[in-house]
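2 protein chains.
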Amino acid sequence: MDLYSERGFENTTVAEIAQRAGLAERTFFRYFADKREVLFGGAGPLQEFLVRRVDDAPASLSPMEVIVAALAETATVVFDDRREFARRRQAVIAANAELRERELIKLASLTAALADALRRRGVGEPAASLAAEAGMAVFKVAFERWTAERGGRTLAEVVRASADELEAVTATRRPTPRR
Amino acid sequence: MDLYSERGFENTTVAEIAQRAGLAERTFFRYFADKREVLFGGAGPLQEFLVRRVDDAPASLSPMEVIVAALAETATVVFDDRREFARRRQAVIAANAELRERELIKLASLTAALADALRRRGVGEPAASLAAEAGMAVFKVAFERWTAERGGRTLAEVVRASADELEAVTATRRPTPRR
Numbered sequence: 575m576d577l578y579s580e581r582g583f584e585n586t587t588v589a590e591i592a593q594r595a596g597l598a599e600r601t602f603f604r605y606f607a608d609k610r611e612v613l614f615g616g617a618g619p620l621q622e623f624l625v626r627r628v629d630d631a632p633a634s635l636s637p638m639e640v641i642v643a644a645l646a647e648t649a650t651v652v653f654d655d656r657r658e659f660a661r662r663r664q665a666v667i668a669a670n671a672e673l674r675e676r677e678l679i680k681l682a683s684l685t686a687a688l689a690d691a692l693r694r695r696g697v698g699e700p701a702a703s704l705a706a707e708a709g710m711a712v713f714k715v716a717f718e719r720w721t722a723e724r725g726g727r728t729l730a731e732v733v734r735a736s737a738d739e740l741e742a743v744t745a746t747r748r749p750t751p752r753r
Numbered sequence: 575m576d577l578y579s580e581r582g583f584e585n586t587t588v589a590e591i592a593q594r595a596g597l598a599e600r601t602f603f604r605y606f607a608d609k610r611e612v613l614f615g616g617a618g619p620l621q622e623f624l625v626r627r628v629d630d631a632p633a634s635l636s637p638m639e640v641i642v643a644a645l646a647e648t649a650t651v652v653f654d655d656r657r658e659f660a661r662r663r664q665a666v667i668a669a670n671a672e673l674r675e676r677e678l679i680k681l682a683s684l685t686a687a688l689a690d691a692l693r694r695r696g697v698g699e700p701a702a703s704l705a706a707e708a709g710m711a712v713f714k715v716a717f718e719r720w721t722a723e724r725g726g727r728t729l730a731e732v733v734r735a736s737a738d739e740l741e742a743v744t745a746t747r748r749p750t751p752r753r
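Quick mapping for you: the protein sequence lines, in order, are chains H and Z.
So the mapping is simple: our numbering equals the position in the first sequence, first residue as 1, plus 574.
So the mapping is simple: our numbering equals the position in the second sequence, first residue as 1, plus 574.
FYI, nobody ran anything at the bench for these hints, they're computed from the structure.
Remember, predicted model here, so these are calculated numbers, not experimental data.
Among the hints, erroneous ones may be present.
Same chains, same label: a pair holds when it works inside one copy or across any pair of copies.
[Claimed, not checked] With a Cα cut of at most 20 angstroms, we get these calculated SDA-like pairs of lysine to any residue:
1) Lys-714 x Glu-675
2) Lys-714 x Gly-698
3) Lys-680 x Pro-632
4) Lys-714 x Ser-683
5) Lys-714 x Gln-593
6) Lys-714 x Arg-693
7) Lys-714 x Asp-654
8) Lys-714 x Glu-699
9) Lys-680 x Asp-738
10) Lys-680 x Ala-631
11) Lys-680 x Ala-742
12) Lys-680 x Ala-668
13) Lys-680 x Thr-746
14) Lys-680 x Ala-735
I would like the entire structure built from these sequences, with the hints used as guidance.
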């Protein structure tokens, strides 16, 4: 991550990453399929963690409560002591079109997995898809704010505040007239 | 589009597309940069149309009303007489990972352009980003439903109904306790 920040993702070789980490190049490839995996290797475990939170949530919660609780818990467990890493990862990804695409694919995959998990709980359509999409929108906006902030809020707090703000934003429409 | 549906995007050459359309290959490349452009060439004009609707919306509308009105108007003008085309385009894209990525990039670009347009109207953050993300989530879910339906609803009607459903979904959270 240091190297990506210093000279950009494109200009960093696996040999350099391995050297900086004190590994042989062979050993690097035992842990990572390629140099993108350093940035995206956590996506699989992250998705499993999130989906398990949805599967295990109390039946009394609404779909949106389930999603926001799962995202806030993930924020606490996965991200709260890693703001500096997250900030630098964001900057590396923002600077490279291929990485931005990979990040979009990861978020779309998380959204689909959350919608699947809600449907397993018996949530119908379009509520399951909308709650999953809305939740990921909240998480994305919250993550950007949290990495930009120097303040003391945890990511979980920013996630919950952003969910409140989404609710306020969507509640300002006049009802659609029924035909 | 016929050829993509018949034999898949990967297995269709520009020469075949040009022949089917009664064009020389040279002429094809005067209209499209490559064969993906047949599917995504409308993205630029679509974005301009959407952003202009946001720029021209009455000042009295809330950010979410502006976005939903812009999406519903786009639905009416761009899509309502093209359901069969939209359905086949969806199927071609769903079958090809590269095209799915391109579609995600297009949606992310539209979302960013809508958030920019809201900020130009004086909408603050995170409301601008959340309204743009929520709007695109609504449009995406509505578009999938509309292309899957055989019924008589227009895309604009499905967009407005999905916006109502998003509002209902996000309104079911208990308020976050303040510290």
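Results of checking the hints against the structure:
1. Lys-714 x Glu-675: Close inside one copy (15 angstroms) and across copies (18 angstroms); limit 20 angstroms.
2. Lys-714 x Gly-698: between (24 angstroms within a copy, 17 angstroms between copies)
3. Lys-680 x Pro-632: neither (27 angstroms within a copy, 37 angstroms between copies)
4. Lys-714 x Ser-683: both (14 angstroms within a copy, 15 angstroms between copies)
5. Lys-714 x Gln-593: neither (33 angstroms within a copy, 45 angstroms between copies)
6. Lys-714 x Arg-693: between (22 angstroms within a copy, 18 angstroms between copies)
7. Lys-714 x Asp-654: Classified as within: same-chain Cα gap 15 angstroms, cross-chain 31 angstroms, threshold 20 angstroms.
8. Lys-714 x Glu-699: This pair counts as between: shortest inter-copy Cα distance 13 angstroms, intra-copy 23 angstroms.
9. Lys-680 x Asp-738: neither (25 angstroms within a copy, 28 angstroms between copies)
10. Lys-680 x Ala-631: neither (23 angstroms within a copy, 34 angstroms between copies)
11. Lys-680 x Ala-742: Classified as neither; 28 angstroms inside a copy, 27 angstroms across copies.
12. Lys-680 x Ala-668: Answer is both: 15 angstroms inside a copy and 16 angstroms across each meet the 20 angstroms cutoff.
13. Lys-680 x Thr-746: neither (31 angstroms within a copy, 27 angstroms between copies)
14. Lys-680 x Ala-735: neither (24 angstroms within a copy, 28 angstroms between copies)
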